[in-house]
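Given the sequences, and given the hints that come with them, work out the whole structure.
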Amino acid sequence: MTALVQTFLSPFGIVAGIIVILGLVLTVLRFTGGLATVTNLSDYNAWGIWIGFDLLTGVALAAGGFVTSAAVYIFGMKRYHFAVRPALLTGFLGYSLVVLALHYDVGRPWRLPYPFIIRQGTTSVLFEVGACVALYLTVLFVEFFPAALEWLGLKKVRGLIIKLTLLLTIFGVILSTLHQSSLGALFLIAPSKLHPLWYSSYLPVFFFISSIFAGFSMVIFESTLSHRYFAHKMDETHLKGREDVALGFGKAASFVLAGYFTIKIVGIAAGNNWYLLGTSYGFWFLVELLGFVALPCFLYAVGVRDRNLKLIKWAAVWTVLGVVLNRLNVSLIAFNWHLPSADRYFPHWMEIALSIFIVTIGIIAFRVIATIMPVFYEHSDYKDLH
Amino acid sequence: MNISGVPFKHLGMREDLGVTPAPELTAGALGAVPIVVGLWPVLLTGIYAISKRKERIARAEQEQAVAAALTQAREKGEAKLSEALEKAEVKNRTAIEAAVKKALEKVAETQTKEGS
Chain A
3 MTALVQTFLS PFGIVAGIIV ILGLVLTVLR FTGGLATVTN LSDYNAWGIW
53 IGFDLLTGVA LAAGGFVTSA AVYIFGMKRY HFAVRPALLT GFLGYSLVVL
103 ALHYDVGRPW RLPYPFIIRQ GTTSVLFEVG ACVALYLTVL FVEFFPAALE
153 WLGLKKVRGL IIKLTLLLTI FGVILSTLHQ SSLGALFLIA PSKLHPLWYS
203 SYLPVFFFIS SIFAGFSMVI FESTLSHRYF AHKMDETHLK GREDVALGFG
253 KAASFVLAGY FTIKIVGIAA GNNWYLLGTS YGFWFLVELL GFVALPCFLY
303 AVGVRDRNLK LIKWAAVWTV LGVVLNRLNV SLIAFNWHLP SADRYFPHWM
353 EIALSIFIVT IGIIAFRVIA TIMPVFYEHS DYKDLH
Chain B
4 MNISGVPFKH LGMREDLGVT PAPELTAGAL GAVPIVVGLW PVLLTGIYAI
54 SKRKERIARA EQEQAVAAAL TQAREKGEAK LSEALEKAEV KNRTAIEAAV
104 KKALEKVAET QTKEGS
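Just so you know, the sequences run in chain order A and B.
For what it's worth, my numbering labels the leading residue of the first sequence as 3, then goes sequentially.
For what it's worth, my numbering labels the leading residue of the second sequence as 4, then goes sequentially.
Just to be clear, a hint being listed does not mean it is correct.
[To be verified] Derived DEER-like restraints, expressed as beta-carbon distance ranges: (1) A:Pro198 to B:Gly31: 16 to 22 Å; (2) B:Ala30 to A:Gly155: 49 to 55 Å; (3) A:Val319 to B:Gly8: 54 to 60 Å; (4) A:Lys165 to B:Glu27: 40 to 46 Å; (5) B:Asn5 to A:Val30: 39 to 45 Å; (6) A:Asp246 to B:Glu27: 43 to 49 Å; (7) A:Leu279 to B:Ile60: 47 to 53 Å; (8) B:Gly15 to A:Leu24: 39 to 45 Å; (9) B:Gly15 to A:Val370: 49 to 55 Å; (10) B:Gly8 to A:Phe300: 57 to 63 Å; (11) B:Glu27 to A:Leu166: 38 to 44 Å.
By construction, these hints were calculated from the structure, which means they are not laboratory data.
Even for Gly, the Cβ is constructed at its ideal location relative to N, Cα and C.
Here it is in structure tokens:
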């Protein structure tokens, strides 16, 4: 009991508490007053930061789950096995929060299951995104479920689910490929609204490839944070393997970033948009491409070559910021770029507060689950059973 | 749809929107879905099989190497042992011969003493 009180009275507890209370108040406002009360959304700007940040960025940054489980179970890189559970937990929480945020954003959230039950829209990209996210959230839940079952001591069910690992991993990679790319495909329908430098018929490919290095970087970033706050919960393998993961995933991220940089150049060439690079949007595009793709690619490469963990860690943070920037550019900054500034969108402070609220819920949930369930260590009853 | 007697530009509406119907813009991306669903399982299972095979071969090679090393060590040990045995035998034989020689000499000595 005293431990619980101590948690609440810690600096983290107080700040998180204030954010949660404010978030709950704003939630009441949102669902009683409607979207107009708490957002700056309009007919011109139907999607704000709840889509641009919470959803697009949230899904990209939750890609750590599928890249890690694919690396370990499909590509056979067993030395990263200990990193799978934290990555799956981050992924599962990330997707859960995406779905939660969606409930705030759509006008009538109780109608979210309609496309599955009432009427399918198989010609709509949004239907595909919805179907994949719903299915993948289920897959992530089942993939992470063994941790909860170990905690509860249900050996038989756990054994059954562990047998499904490969199947679930393959299913997870398929679903991730589909919805990561179709989040980019959502914007294919608006060539007249999205700036030509960001608009490309390759948008789905850009979104998918960037989700891969976002996933690698998030695993490195999350492992750095976890080592700071959960070191007491970690077993030997976990404590020792940190460097291995940073070097392996850093190297992979560097390669994927290099590939992404190349296809982005191909994108400019395909649209023949070179002349736009001299404009102010062109400058901003170059900031994203050189500063947040080429630079972290180089930093990762140098960090891995020199075995410089600190540099790799910063490269991971920079890459994550780059992915956030890219998603905000596509969905908000370079979207509706032709509109006069009076009609442009800037988030209401309550939209920002609710986004912070949702991220905070994720951090609290991560802390609780990582504290009670075997996430950073192998449960003593199940050693070497994986 | 808008119908107007004056150019749309004068009404503040854009004229650069093109004539491509919206579904055409996303049809390609949606068309890729069944291809991914059909091909990914094959590709991923293939990668899994390759990594599994590599693992199996590596394990077999390791076992083979260990077995070879063991045989080699055993052979070496046996050779050493037989060599040592042989040496010991030679040594023993020399010792026995020396002892016999010594005894014979002693006997011969006593006989000479008794004779004189």
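Problem - Which numbered hints fail - result: none
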